[in-house]
Structure formats: C-alpha cells, structure tokens
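Participant: Here is what each chain is made of, one letter per residue.
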Amino acid sequence: MTYETTPAAGDPQHLLTATRELTRRVRREQRGAWLPLLVFAAATLAASPFYRYGHAAGHCSSVRGGYVCTIYPTLALWYWPVALLLGYAGISWFYLHKARQRGVGTRAQPFVAFGVLLAVFATVWTVWAIDHPGFLAQSLHLGSSHPSYSLNRVASPAGVVGLALLLLAWIERSWLLLAITAGYLVVVVIPVFIGSITHPSPWAFLPHVLLESGVLLLGSVALARAQRGRGRPAA
Amino acid sequence: MTDHPVNGLDDIVHQRVRLGILAIAHQARRVEFSYLRTELDLSAGNLSQHLNVLDNAGLITIEKGYEGKRPRTWIHLTKSGGRAMRHEIATLKTLIQRLEAHVS
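These protein sequences, in sequence, are chains X and C. Going by the working numbering, the final residue of the first sequence carries number 235, and the count climbs one at a time with no gaps. Going by the working numbering, the final residue of the second sequence carries number 1104, and the count climbs one at a time with no gaps.
By construction, these hints were calculated from the structure, which means they are not laboratory data. Be aware that a few hints might be false.
To be verified - Some chain C residues flagged as far from chain X (calculated, every beta-carbon gap over 10 Å):
#: 1; residue: G1045
#: 2; residue: N1052
#: 3; residue: A1101
#: 4; residue: H1102
Stated by the list, open to error - Using C-beta positions, here's what the derived DEER-type ranges look like:
#: 5; chain 1: C; residue 1: Q1097; chain 2: X; residue 2: H132; range: 54 to 60 Å
#: 6; chain 1: X; residue 1: W78; chain 2: C; residue 2: Q1049; range: 57 to 63 Å
#: 7; chain 1: C; residue 1: D1010; chain 2: X; residue 2: L45; range: 52 to 58 Å
Each residue gets a CB set at the ideal place from its N, CA and C atoms; glycine is no exception.
All chains should be built: construct the whole structure from the sequences, respecting the hints.
Facilitator: Below is the structure:
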C-alpha cells in the first residue's frame, strides 16, 4: 500500500485524513495479540495436572451469613508464576522479533510489564487468601456470597491474564480483542462446580480450565484470521 | 500577526511527507528507513532529504547500525518531534473547524 498523493495534498482535511490512515496502518502492522492468547490458552491447559495432583491447602473462616473456604493446590500455586513469567518472556521476544522483521517498533512493553506485575500480585494474593479466606468477604461486607467468589477469581492467575489483555486491547486499539477479553473474564468469574461445594470432585477445576482455554484458543484463531484477512501474515 | 490558526502551522511539519514520517514514528516509536520508503512510496534520495530536514530541526534522531550483516537505519521521534506533531494536528483540526463554521 502506498501513501496516495492528491492535487489537494496541503489541504488540512486531506492531511489529517492521510495522517490518520497512516497511523491506522502502522497499528495494524504492530498487532500480534493472537500469540499472547495462544500462550495463555496453552498455560491454562498445562495447569491441569497441577490442579489435579497438587496437594491441596485450604482454610475456612466464618463470616456474616456462613463460611468462606479457600482450597488451593500447592503445586498450581507455584506453577502459575513460573508459567506466566515464561509466557511473558516469550511474548516479549515475539513482539521484538516481529518489530525487527517488519521495521516498525512495538508498543507491547507496557502490556508485558503490567502482566508481570499482575502475575506477582496474583501469586502474593493467592498465598494471602489461603491463610485469610474470609478477608475479602469481611472487609467488603459481602458475606459468603457470589461477589466475594468473583473478586477472588479476578485476582487469580486466570483473572489477571484477563486484566492484562484489557490493556493489550487498548494498546492495539482492537475491538475484537476487547470483546474476546470481556467474554474470557465472564467465563473466569462465573461459578462452575463438579460435585457439591462441601465435597468438591477432584476434577472440579476442569470446567474452568476447558472454558477458559477454549475461549482463549478460539480468540487466538479469530484474531489470526482477522489479521490474515487484511492481506498480511499473522506473525 | 493575527491569532488565525494558519499562523500556528510549522513549515517544517506542515508538509505531507514529513507529517507522514512524524505520524508513523509517533505510533511506532522506532521505524526503519525501508518501512518508511515503502509506506510513503518515496525514493531513497527523496526520503533522505525529508529525514535530514526533520533531523536538523531536532524532531527526529537517526540511528545507523547493523543487524547481523545487514545495514539498518532506524528513525526515532524526539520529544520536540512529538510535541510538534501534536501541535500540527491540533492546528489542522482548528483550521477545519473554522472553515466549516465559515461555510455554514
């Protein structure tokens, strides 16, 4: 594609339109969100054995209206920070490699930095929440209710992945990525159980893992197809 | 001198190709010479002339180097380059508003 010349090239409206079009083209060139989604889908699926066979740690505390319990497999607790940090390192390399290949710098660094910060926060929060299961419910006066569960899910590794993706959607000015991330965050916070809450199945994690990785995987395919549809390869 | 927005236009920036270079460098932070040449559909000599004008005005910096054995030239927008571009865009918008108000 070329920068078109017109007889009225100096006219303000034409200059402004041409400048906006150039900016849009550079943004399209810089997009690569299909890879972070693919990386996070793989990391979510790979967490399954850690959820299933990790020794569970948990505490309960009484709050207004009942009990709040946190049960978390210790292996998954250590799997997630490692997986997310490795994932962000890979994503960072991908964007830098793409920038060198195309000749256009990347704007993905804030996303990577924010993602790493959130991964650290999620780990610290999860360790804290295991020992203080009623903290959110008590401090926000939520009782043993659904909002307390949803807030804990947003602060989980899966939740913070969604928050980092919101920033990426803004950086890449991508409505499609925003819609996918919104769908993903809904899937993260809705409660899905196998077995009863008092006696959860050892496979209780599975619906969430499948739903979350499924949304991310489908989103990755949709973004890659959208990018290829504009006549450029996805990477 | 009146406060007409035309007086706010900078001759260096208010040029189709140079404004294009600044807009791309602003979005990309760092852009390669060959990418600019393709996107702006210019010859190497023509692009170099425009880059020199912007470089001399302190609006961009030019970094030459190698990636492997391949020579590369990267263009960065300076802080004053970013300010100049934002000022130009704001002035263009004001001009358009004035023109539209005048016509209607």
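Participant: Return the numbers of the hints above that this structure violates; sort them in rising order.
Facilitator: Violated: none.
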